[in-house]
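Going line by line, the protein sequences match chains A and G.
Numbered by this note's numbering, the letters in the first sequence go through residues 1 to 117 in order.
Numbered by this note's numbering, the letters in the second sequence go through residues 1 to 413 in order.
These aren't lab readings, by the way, just hints derived from the structure by calculation.
As the structure is a prediction and not an experimental result, all values here were calculated from the model.
Keep in mind that the hints are not guaranteed to be accurate.
EDC-like cross-link-like pairs, simulated, lysine to aspartate or glutamate; straight-line CA separation at most 20 Å [stated by the list, open to error]: (1) A:Lys18 to G:Glu188; (2) A:Lys81 to G:Asp390; (3) A:Lys73 to A:Glu87; (4) A:Lys18 to G:Glu388; (5) A:Lys18 to A:Asp112; (6) A:Lys92 to A:Glu69; (7) A:Lys18 to G:Glu148; (8) A:Lys61 to A:Glu15; (9) A:Lys73 to A:Asp90; (10) A:Lys4 to A:Glu87; (11) A:Lys81 to G:Glu188; (12) G:Lys124 to G:Asp349.
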Amino acid sequence: MMIKVEAIVREEKFEDVKAALDAIGVNGMTVSQVMGCGLQRGYTELVRGMEFDLQMRPKIKFEIVVSSEEWEKKTIEAIEKVAHTGEAGDGKIFSYEIRSAFKIRTGETGYDAIQAN
Amino acid sequence: MSSGDTAFMIISAALVFFMTPGLAFFYGGLVRRKNVVNTMMACVSIMGLAVVMWALFGYSLAFGGNHGGVIGDFRWLGLSGVGMEAGPYADNIPHLVFCAFQMMFAIITPALFTGALVGRMRFKALFLFVALWSLVVYYPLAHMVWGEGGLLAAIGSVDFAGGNVVHISSGVTALVMAVLLGRRRGYEHTVYRVHNIPFVALGASMLWFGWFGFNAGSALGANGLAAHAFMTSAIASASAMMAWMLLDVIKDGRPTLVGASTGLVVGLVAITPGAGFVPIWSSFIIGALVSPICYFGVPLVKRKLKIDDALDAFGCHGLGGIWGGIATGIFGMSSINGAARWNGLAFGDTELFAAQLIGIAVTIAVAVAGALVCYAIVRLFTPIRVSERDEQIGLDLSQHGEHAYPSFNGLDQ
Chain A
1 MMIKVEAIVR EEKFEDVKAA LDAIGVNGMT VSQVMGCGLQ RGYTELVRGM
51 EFDLQMRPKI KFEIVVSSEE WEKKTIEAIE KVAHTGEAGD GKIFSYEIRS
101 AFKIRTGETG YDAIQAN
Chain G
1 MSSGDTAFMI ISAALVFFMT PGLAFFYGGL VRRKNVVNTM MACVSIMGLA
51 VVMWALFGYS LAFGGNHGGV IGDFRWLGLS GVGMEAGPYA DNIPHLVFCA
101 FQMMFAIITP ALFTGALVGR MRFKALFLFV ALWSLVVYYP LAHMVWGEGG
151 LLAAIGSVDF AGGNVVHISS GVTALVMAVL LGRRRGYEHT VYRVHNIPFV
201 ALGASMLWFG WFGFNAGSAL GANGLAAHAF MTSAIASASA MMAWMLLDVI
251 KDGRPTLVGA STGLVVGLVA ITPGAGFVPI WSSFIIGALV SPICYFGVPL
301 VKRKLKIDDA LDAFGCHGLG GIWGGIATGI FGMSSINGAA RWNGLAFGDT
351 ELFAAQLIGI AVTIAVAVAG ALVCYAIVRL FTPIRVSERD EQIGLDLSQH
401 GEHAYPSFNG LDQ
């Protein structure tokens, strides 16, 4: 069973999360800059002394596809460990099953498509 | 008093002023995007701080009276007695114009060393450090070189526009502070990518433009010597740029815009002390040689010695300034400017060369000692370095609560 792990973390945690994934041997990933809000519900910023309410905060989203539930657990643990600060805004990690995978260069499908070779 | 000289010097002062915002763009472009506000703020805030200090007591300490050839006194406190009449330092321009021209140098000099400290120094600590450093290092050095009865002028060392006072002093301070402050997070393995190359080119161009006022204006009059300094500056800068481009091509096959911008700046650094002393032909040599010195000096500092001189304030201003001071001792001619008592080494005299070496050594000593003293004082009042978390978040948000840029889709604005 292929599983996608999707982690939305603080911008400044990008490097730490990347390093943590490298450390457990997860090499393939897709990273995007995203905007969002959770329980934190935005924040205020001061511009020339006036407060402005902002709704969305920039975050970093990691998408990683792994090949088993064991790897899903390892990946989530590795991310959680470095992305945690305890303050509101630490982000979320989601995971779900993947229906199919296709490696464009080689034409491999399924499990083979996400393995290093 | 000459209205022509006065007009020229007021414009030159404004040109020198323009270098500091230029430096803000030059440095701001070189850092990562999370630190650009903080990096530019370092330069911008000094535009406020240095002017207030200069008018209150800085000018008086640097140029008013003489105590032991090292420092002035408080006779011109708050610019009292500094007026519209021609002053003691130049009989062709109002005293206030001389004071204003010198003021701009007091702004740019501390702004230069902030380039070594980006990404990890608390802003409040930096601000306090700059204030103390102006007092402990800059005013005494300006007095020693340009003030009445100054020590370095007395031994025959010459510094046309501030190679010692401005570039060596700030470059050496940058090195000392980079060591004391420590390296940025992840220094060994992270690439600190230049985040805005057009900013770098804009800043370098503003610096070059302003530098014409810096060097030509140091003639203190609209005259032939100003024209001479103007031209040696242009040639040294252009030669250094060409040399840096050549080095880039030899190393990687392609010239870079960051390299060309850096080259033109180090060329200006190198010609600064000699602009009004060396013959035109030597400015080609001074410019062409400074680029390899800095090109190979920078990795020596950063890789071999592992000192995080982040934007190469020492690698460019320190090394370039030292080369410029030595080059002045090699190529200087008293027939170009009578302020040089002897000719340079290339023309058979050794006295000027020796005086230049002493001038450089004294400047380095003052800068090292002064930086250590200022660092120790600042540390009594505030931590010097930001927390690891604040460094990770970036100094823009942690020190100023500002983002330089909206996120890519602008939803946070």
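Next item on the list: Could you grab the alpha-carbon distance between lysine 73 of chain A and aspartate 90 of chain A and see if it respects the 20 Å cut-off?
Entry: holds, 19 Å
Notebook entry, point to check: If you draw a straight line from the CA of lysine 18 of chain A to the CA of glutamate 388 of chain G, is it 20 Å or shorter?
Noted result: holds, 18 Å
Next item on the list: For the pair we were handed, lysine 18 of chain A and glutamate 188 of chain G, check the Cα-Cα distance against 20 Å.
Entry: Holds, at roughly 16 Å.
Next item on the list: Compare the distance between the alpha carbons of lysine 92 of chain A and glutamate 69 of chain A with 20 Å, and conclude whether the hinted pair is satisfied.
Entry: Holds: lysine 92 of chain A and glutamate 69 of chain A sit about 18 Å apart, inside 20 Å.
Next item on the list: Mind checking the alpha carbons of lysine 81 of chain A and aspartate 390 of chain G for me, to see if they're no more than 20 Å apart?
Entry: holds, 19 Å
Note to self: Does glutamate 188 of chain G sit within 20 Å of lysine 81 of chain A, going by the straight-line distance between their CA atoms?
What the structure shows: Between lysine 81 of chain A and glutamate 188 of chain G the Cα gap is close to 23 Å, so the pair fails against 20 Å, i.e. violated.
Notebook entry, point to check: Between lysine 18 of chain A and glutamate 148 of chain G, does the CA-CA distance stay at or below 20 Å?
Noted result: With a Cα-Cα distance of about 60 Å, the restraint between lysine 18 of chain A and glutamate 148 of chain G is violated, given a limit of 20 Å.
Next item on the list: Measure nothing beyond the straight line between the CA atoms of lysine 18 of chain A and aspartate 112 of chain A; if it is 20 Å or shorter, mark the hint as holding.
Entry: violated, 23 Å
Check: Is the Cα-Cα distance between lysine 73 of chain A and glutamate 87 of chain A 20 Å or less?
Finding: Between lysine 73 of chain A and glutamate 87 of chain A the Cα gap is close to 23 Å, so the pair fails against 20 Å, i.e. violated.
Note to self: Checking one constraint from the list: CA of lysine 4 of chain A to CA of glutamate 87 of chain A, max 20 Å. Satisfied?
What the structure shows: violated, 26 Å
Check: If you draw a straight line from the CA of lysine 61 of chain A to the CA of glutamate 15 of chain A, is it 20 Å or shorter?
Finding: With Cα atoms ~12 Å apart, lysine 61 of chain A and glutamate 15 of chain A stay inside 20 Å; holds.
Notebook entry, point to check: Taking only the CA atoms, is the gap from lysine 124 of chain G to aspartate 349 of chain G under or equal to 20 Å?
Noted result: Outside the cut-off at roughly 49 Å; violated.
Hints 3, 5, 7, 10, 11 and 12 from the list above are not met by this structure, while the remaining hints are.
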